[in-house]
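Novice: Please take these sequences and the hints and turn them into a complete structure.
Note that the sequence shown covers residues -31 to -1, 1 to 267 in mature numbering (1 follows the signal peptide of the UniProt record, and there is no 0).
None of these hints come from the bench; they were simulated from the model.
Please note that a few of the clues may not be correct.
[Stated by the list, open to error] Label pairs and their in silico Cβ distance ranges:
(1) S134 x E240: 49 to 59 Å
(2) E36 x E217: 46 to 56 Å
(3) E60 x S224: 20 to 30 Å
(4) G106 x R259: 31 to 41 Å
(5) A143 x A105: 39 to 49 Å
(6) G167 x Y248: 33 to 43 Å
(7) D176 x P64: 46 to 56 Å
(8) S134 x G106: 40 to 50 Å
(9) D128 x L174: 51 to 61 Å
(10) A86 x A221: 28 to 38 Å
(11) A143 x G106: 47 to 57 Å
(12) S251 x D137: 42 to 52 Å
(13) T130 x K175: 18 to 28 Å
(14) P225 x G53: 22 to 32 Å
Backbone N, C-alpha and C define an ideal beta-carbon position, used for all residues, glycine too.
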Amino acid sequence: MNRYRRFAFPFQSAFFLALAFALLLAGCGQASDSNRTDSGAAAAASPAPSAAASTEPSPQASPADAEPVQLTVSAAASLTGALGQIETAFEAANPNIELNFNFGASGTLQKQIEQGAPADLFLSASTKNMKALSDAGLVDAAHSADLLANKLVLAVSKDSTLAPSGLDALQDAAYSRIAVGIPESVPAGQYAKQALDGAGLWDALKDKLVQAKDVKAVLQMVETGNADAGFVYETDALGSDKAKIALEVDPAAYSPILYPAAVLAESEHPEQAAAFFDYLRSAEALDVFRSFGFSEAP
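Specialist: Pasting the structure below:
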């Protein structure tokens, strides 16, 4: 009896030691699995690199891609041809600026500007019109100057045989229709009236005079034969292949024909307007004006 009790204890001890060892191994395995689970969860919780964060910033639009500044230039009709060539050269050198011209009689353009018509620059065929705007505070005095000079002539159609020796010849029956710009709004008409008044002929020729809205309209009447003769600028006659100069009017008979140019005080783009103003006075632009018969203002 006693012999069995002596050996029963060692057996039970071995059993419990084995059980404890098994439990210990199971606990280590669970801890390892827990560590792996935690690591995986942490990895899953970590945000993946954002596609947006790695994307290069979109490039800004370059100045060349920007819309060009639109400049409105109100200019005397007699400058149409010359400014057409100057426009091409200026825009090629300044792609950020686009010129838009409003051609007409200087007096009409003056009134448009006074009434608030949008314009950045004014090129007049008379100092009178520019002075009116200057007196009204509508001109940028820092960017205003006399630019060009011109002359007054009597033009006839290319195939005309009329060759007047002086203004008195206009009283002859051969001159039944004489075109002239409206003196109140067309500078060329004002100069013609001065010359005819000085010769005592304005009233005498009143029934023969046909008044036009601007000097280009006068030239067109001469070219088409709707007028026997017409008072235009020398540059207009020289630039026409359908008209010719019949008489150069004595410069002493009318006020000096000067073309002032100016940036307007209400310009929405004063910097670009000043750039074009400076270009108009450049040697390159003056060469173009000379090719059309203008001379530089004294």
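Novice: Hints first: check each against the structure and report whether it holds.
Specialist: Hint check:
| no. | hint | in the structure |
| --- | --- | --- |
| 1 | S134 x E240: 49 to 59 Å | holds (53 Å) |
| 2 | E36 x E217: 46 to 56 Å | holds (47 Å) |
| 3 | E60 x S224: 20 to 30 Å | violated (34 Å) |
| 4 | G106 x R259: 31 to 41 Å | holds (33 Å) |
| 5 | A143 x A105: 39 to 49 Å | holds (45 Å) |
| 6 | G167 x Y248: 33 to 43 Å | holds (38 Å) |
| 7 | D176 x P64: 46 to 56 Å | holds (54 Å) |
| 8 | S134 x G106: 40 to 50 Å | holds (48 Å) |
| 9 | D128 x L174: 51 to 61 Å | violated (24 Å) |
| 10 | A86 x A221: 28 to 38 Å | holds (36 Å) |
| 11 | A143 x G106: 47 to 57 Å | holds (49 Å) |
| 12 | S251 x D137: 42 to 52 Å | holds (43 Å) |
| 13 | T130 x K175: 18 to 28 Å | holds (26 Å) |
| 14 | P225 x G53: 22 to 32 Å | holds (26 Å) |
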